[in-house]
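Number of protein chains: 2
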Amino acid sequence: MARTDFTTPRLCVDDDLALDRPVPLAPEAANYLQNVLRLKPGARVLLFNGRDGEFAASLSGEKKRAALTPIKKLREQETPPPLDYLFAPLKHARLDYMAQKAVEMGARSLRPVLTRRTQVARLNLERLEANAVEACEQCGVIWRPEIHVPQSLDAALAAWPQDRLLVFCDEDAPLANPLDALRAAPDAAGVGLLIGPEGGFDEAERASFTRMPNVLRLSLGPRILRADTAAVAALALLQARFGDWR
Amino acid sequence: MARTDFTTPRLCVDDDLALDRPVPLAPEAANYLQNVLRLKPGARVLLFNGRDGEFAASLSGEKKRAALTPIKKLREQETPPPLDYLFAPLKHARLDYMAQKAVEMGARSLRPVLTRRTQVARLNLERLEANAVEACEQCGVIWRPEIHVPQSLDAALAAWPQDRLLVFCDEDAPLANPLDALRAAPDAAGVGLLIGPEGGFDEAERASFTRMPNVLRLSLGPRILRADTAAVAALALLQARFGDWR
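Quick mapping for you: the protein sequence lines, in order, are chains W and X. Our numbering puts the first sequence at residues 1178 to 1423. Our numbering puts the second sequence at residues 1178 to 1423.
Hints are not guaranteed to be accurate.
Since the list can't tell identical chains apart, any single copy or any two copies may satisfy a pair.
Listed below are the simulated DMTMM-like cross-link pairs for lysine to aspartate or glutamate, each with C-alpha atoms no more than 25 Å apart in a straight line [said to hold, decoys possible]:
hint	residue 1	residue 2
1	K1250	D1273
2	K1250	D1349
3	K1249	D1349
4	K1268	E1311
5	K1268	E1253
6	K1241	D1364
7	K1241	E1311
8	K1250	E1314
9	K1249	D1273
10	K1217	D1193
11	K1268	E1314
12	K1249	E1380
13	K1268	E1380
14	K1241	D1349
15	K1217	E1255
16	K1250	D1421
Treat the hints as calculated values from the structure; they're not laboratory data. Quick caveat: nothing in here was measured; it's all calculated off a predicted structure.
So that you can see chain W by itself, here it is in the shape it has in the complex:
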């Protein structure tokens, strides 16, 4: 398994990582490790950067001059499954939650799309990134998901590669077994999951989906799911069919 050791702190950094090369700690990380977790010099911390794999590192120095030195390579770098997550942004805490969950479920990118019924016009991308990184740290994700700037739905659809399947969850879709639908879908160079806003897609948006060459309208049962729940549920099905749960 990717991570069974929950007691060792795990940190994502921007620096290159190599054995015996100390990584100076940013002030927030130094404060977290030394003051919040009260780690002492010699303490073990897991380090990754999304490029060089994962290392066990040893804490040295004190206060603002603290550093982490990789002492053992634990995992080689992995590439994420080709699973993109397109979503109508929600407000505040629900957006934080949705970003964390999508990353935890293994999405390689977070792509905000502005649909006609999307209630959120401005997006704090730094906060989105921070939520994504935190989810990586906590759940043993070894890559760093791409964070995209918001696009209109029209622009996102126009830019979508033809060899990638786009799956959209639609509360008005006729009830149909999602496993059968996914089994029947052809293998693709990648898969995008599109989750609309609370309130769903409008008719013009639905029509634009049906004009796409490689699209699957997925039913998630007879009840309405909240957007963040639908995201986790659909990503589970997609990971099992196309991703790295196989």
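Could you slot chain X onto chain W? The hints should help.
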């Protein structure tokens, strides 16, 4: 679909429901409808009680003497899919969230089980019930999930009916396609999903699962999922295989 009308408030009550028979409002409900939502007499509210189906009702009276009178039956009562949710309770907000999500995903019962690594010993069952009811109201669930008192894991396993499949998610399970595992599982009189605490099951617990006649150890991919995420992910797979998403 069960619910596309998100603008009409939806309320779960204890009273029997029948056409033209007014239901007096409890003080909290009266306050919510009249003061928070600022509804006026004649306003439309959806009503269900888990037994008599769902009705459109009309608000009448004022202040503490307000009532809702069913004026049209919208849905017949449905029975839930035979999907029970057994879980090691988490703390506070995460437990609220987990209960809401399980109900939203269609679990017919919430059964807290105390495993050896469970950190939470006491459980506020009224709060669990309130979270479950709120999820029913918001997501168009028409039944009321059973809320069980906490049991030890041993007691829960001993009481588990032999004709029901018990699925447990295990972060130490070898990576294997969950769809294949579920497809191979025989049809059962019902399915229970058991999600352990953060930290997982211990060896003695795992051994006790393997002695059960009808059990499936499910892998949810190569990363560790938080307990509430694993619950939604696994319930999606189970709904698609055994439940009412087919």
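Do the hints match the structure? See the list:
1. Taking the shortest Cα distances, K1250 and D1273 never come within 25 Å of each other, neither inside one copy (31 Å) nor across copies (39 Å).
2. In this assembly of identical chains, the alpha carbons of K1250 and D1349 lie at most 25 Å apart only when taken from different copies (22 Å versus 49 Å within one copy).
3. In this assembly of identical chains, K1249 and D1349 lie within 25 Å of each other by CA distance solely across copies; the values are 23 Å between and 52 Å within a copy.
4. When the C-alpha separation of K1268 and E1311 is checked against a cutoff of 25 Å, the pair qualifies both within a copy, at 19 Å, and between copies, at 20 Å.
5. Proximity of K1268 to E1253 under the C-alpha cut-off of 25 Å is found in neither arrangement, the shortest distances being 36 Å within a copy and 34 Å between copies.
6. Taking the closest pair of Cα atoms, K1241 and D1364 never come within 25 Å of each other, the shortest separation being 51 Å inside a single copy and 60 Å across copies.
7. In the homo-oligomer, the alpha carbons of K1241 and E1311 lie at most 25 Å apart inside one protomer (22 Å), although the nearest pairing across protomers, at 48 Å, exceeds that limit.
8. With identical chains, the CA atoms of K1250 and E1314 are at most 25 Å apart within one copy only, with a shortest distance of 17 Å there and 50 Å across copies.
9. For the identical chains of this complex, K1249 and D1273 are neighbours neither inside a copy (33 Å) nor across copies (40 Å), given an alpha-carbon limit of 25 Å.
10. Only within a single protomer do K1217 and D1193 lie at most 25 Å apart by alpha-carbon distance; the minimum there is 24 Å, versus 63 Å between protomers.
11. When the C-alpha separation of K1268 and E1314 is checked against a cutoff of 25 Å, the pair qualifies both within a copy, at 23 Å, and between copies, at 21 Å.
12. Taking identical chains as interchangeable, the C-alpha atoms of K1249 and E1380 are never at most 25 Å apart, the minima being 55 Å within one chain and 28 Å between chains.
13. Taking the closest pair of Cα atoms, K1268 and E1380 come within 25 Å of each other only inside a single copy of the chain (24 Å); across copies the shortest separation is 42 Å, beyond that limit.
14. Taking the shortest Cα distances, K1241 and D1349 never come within 25 Å of each other, neither inside one copy (55 Å) nor across copies (39 Å).
15. Proximity of K1217 to E1255 under the C-alpha cut-off of 25 Å is found in neither arrangement, the shortest distances being 31 Å within a copy and 59 Å between copies.
16. Taking the closest pair of Cα atoms, K1250 and D1421 come within 25 Å of each other only inside a single copy of the chain (22 Å); across copies the shortest separation is 46 Å, beyond that limit.
Of the numbered hints listed earlier, those contradicted by the structure are 1, 5, 6, 9, 12, 14 and 15.
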